[in-house]
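Line by line, the protein sequences give chains Y and U. Using my numbering, the first residue of the first sequence is number 1, and each one after it goes up by one. Using my numbering, the first residue of the second sequence is number 1001, and each one after it goes up by one.
Check before you lean on any hint, since a few could be wrong.
[Said to hold, decoys possible] Derived list of chain Y stretches under chain U, where covered just means 3 residues or more per stretch with a C-beta under 8 Å from a C-beta of chain U:
{"no.": "1", "stretch": "89-96"}
{"no.": "2", "stretch": "205-212"}
{"no.": "3", "stretch": "331-343"}
{"no.": "4", "stretch": "360-369"}
{"no.": "5", "stretch": "396-404"}
[Stated by the list, open to error] Derived DEER-like restraints, expressed as beta-carbon distance ranges:
{"no.": "6", "chain 1": "U", "residue 1": "1019", "chain 2": "Y", "residue 2": "56", "range": "53 to 61 Å"}
{"no.": "7", "chain 1": "U", "residue 1": "1024", "chain 2": "Y", "residue 2": "17", "range": "53 to 61 Å"}
{"no.": "8", "chain 1": "U", "residue 1": "1019", "chain 2": "Y", "residue 2": "355", "range": "51 to 59 Å"}
{"no.": "9", "chain 1": "Y", "residue 1": "14", "chain 2": "U", "residue 2": "1019", "range": "19 to 27 Å"}
{"no.": "10", "chain 1": "U", "residue 1": "1052", "chain 2": "Y", "residue 2": "238", "range": "31 to 39 Å"}
{"no.": "11", "chain 1": "Y", "residue 1": "270", "chain 2": "U", "residue 2": "1055", "range": "32 to 40 Å"}
{"no.": "12", "chain 1": "U", "residue 1": "1024", "chain 2": "Y", "residue 2": "375", "range": "44 to 52 Å"}
Just so you know, these hints were derived from the structure itself, not from any lab. From the three backbone atoms N, C-alpha and C, an ideal C-beta is built for every residue, glycine too.
Chain residues, written in single-letter form:
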Amino acid sequence: MINTIKEAQEKLRNGEVSPGEVASGFLSKIKERNKETNALLSVFDKVTREIEETNKDLPLYGSVFAIKDNILVEGRRCTAGSKLLEHYTAPFDATVIKKIKEKGGVIIGKANMDEFAMGSSTENSAFGVTRNPHDPERVPGGSSGGCAAALAAEMCNAGLGTDTGGSIRQPSAFCGVVGFKPTYGTVSRHGAISMASSFDQVGPLANCVEDAQLIFDSIRGKDEKDSVTSELLRKEKKEKIKVGIPKECFVEGIDSGIKEALEEAIEKIKKEEGIEVVDISIPSIKYALPAYEIIMASEVSANMARFDGIRYGLEFERPAAKDLKEAYLINRGEGFGKEAKRRIILGTYALSAGYYDAYYIKAQKVRSVISEEFRKASSDVDVIFTPTTPTLPFKIGEKITDPLAMHLSDIFTVTANLAGLPAISLPCGEREGLPVGAQLLARRFQEENLFEAAKRFEAIWRK
Amino acid sequence: MINKKEIEKLAFLARLRLDDEERNNVPKELESILQYIQKLGDIDTEDVDPLFHFPELKNIVRKDEIREVERKMQKRMMRMGKDKDDYLKVEFTL
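Taking the hints into account, I'd like the entire structure generated from these sequences.
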């Protein structure tokens, strides 16, 4: 199945298909598969007219988006997968949505997610579990699981998600699509609901690398409403692609099936002209997930403070409070799900007096070490190749009662967030009829080299 | 490592009311994560500075000035709460 933006664009431009046919193609898939997969929480009905009214020369003409439900689309409900925002309507467009609309993209619906982007399976949504279109007994990954599932089920040809520790890349690997987390600071987060602000990035999910790049080019850039955005992009002209493989990623914590599939994928690229594969070492990579856990939980506990049940409205039945303090306790206690509560408590603990240096500062120092090791290891290569996930898509319910097992799903993805690197996951093979993803990382702001390598590998792995 | 009483105190500080099941389970659930985090004790960070931000990024600042909010956005925001004569009605907070 190839269902790309480029394809839709060409066919629409030369009149081979009409806007109505494009729209009804996706809408009929939604009708057929959304009940089972629960990928989309809301579906918009004006897609045909919106494509008809779009200038055909715009770069995103023909793109039909599923937007993760933590990104604000004016006048539409934006729940972030939480009961606390069940009736919240976005008063404005996020910067990325504004850009998508200006560049000719249309939006078909809002996609399910783990509550406030906390999770790796889309089981933590207040609005039900999302199922993997490849096998409905299995999770689609998370937290952008709704977007990835919607793409895999052909309900759209583009997606926009957020990635704090792997939330775009991990579900993309589980659903067999392409997911890209840009360099920290390249894409505005204004209008995206924050989770952990020193990690969060908005990025595309797509059916091919070229589409992911097209979306990235359309949404990136400086924004005065996100104080750490930049226009910077670096490109180095290269004759050959040099790929570094950190040996630490293939020794422990990885399933044998994934390992085999990745080794096959590596063999295939090794055979090609102009690609050189070398071993590299990032010895401290095993400390990435524990450091991430602390920093992420700390930032979560601060960011979630705004959800008090007052500011953004709250409309579910709950006991009456006798004073303001009790109102907060009740609103937040009843409003947040289990995983969000655990992370808020852990973050509150890590930031407490007496623990702050031992946990938070220590983790930020480890972050320095890892970032430096990545810089050194990548100074001699163009891209770094790792698994995206340590396992195949797991069964629904399999890990939900064991938070550590669930968090280990992100073991290979969190490093890019710690070091602010651009990272892409793309399908590289299959095991047991389920997709396997490969992750490529580059130095900060070197997205162009990353896309170039990813397009080359994609062509090889699709053969 | 972290007992029920401490969890209850942290939950109170974070303004989260836990139910009985959560009071029982959260300490156990956090235990494995806290144990996992202890791994960080094995890495030497003696002369390392914490990484709070990336060197390529500079803060963008803008003037602290009052800007008109679009009428359309105002209306949308009003719809979030109970609208009363152009005021937003929220819960009693004093």
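Each hint, compared with the structure:
1. Judged by the Cβ-Cβ criterion of 8 Å, the stretch 89-96 of chain Y is covered by chain U as claimed, because 4 of its residues qualify and three suffice.
2. Counting residues of the stretch 205-212 of chain Y whose CB lies closer than 8 Å to any CB of chain U gives 0, so the stated coverage by that chain is violated, three being the minimum.
3. Counting residues of the stretch 331-343 of chain Y whose C-beta lies closer than 8 Å to any C-beta of chain U gives 7; at least three are required, and the coverage claim holds.
4. Counting residues of the stretch 360-369 of chain Y whose beta carbon lies closer than 8 Å to any beta carbon of chain U gives 9, which reaches the threshold of three, so the coverage claim holds.
5. Coverage of the stretch 396-404 of chain Y by chain U holds. Counting CB-CB distances below 8 Å, 3 residues qualify, and the rule asks for three or more.
6. A hinted range of 53 to 61 Å for the beta carbons of residue 1019 of chain U and residue 56 of chain Y is consistent with their spacing of about 56 Å.
7. A C-beta distance of roughly 57 Å is found between residue 1024 of chain U and residue 17 of chain Y, which places it inside the suggested range of 53 to 61 Å.
8. Remark: the range hint 51 to 59 Å for residue 1019 of chain U to residue 355 of chain Y is contradicted by a beta-carbon distance near 26 Å.
9. The hint said 19 to 27 Å for the Cβ distance between residue 14 of chain Y and residue 1019 of chain U, and at roughly 60 Å that hint is violated.
10. The given range of 31 to 39 Å is respected by residue 1052 of chain U and residue 238 of chain Y, whose C-beta atoms sit roughly 32 Å from each other.
11. Residue 270 of chain Y and residue 1055 of chain U have their C-beta atoms about 35 Å apart, which keeps the hinted 32 to 40 Å range intact.
12. Taken as a hint, the range 44 to 52 Å holds for the pair residue 1024 of chain U and residue 375 of chain Y, whose Cβ atoms sit roughly 45 Å apart.
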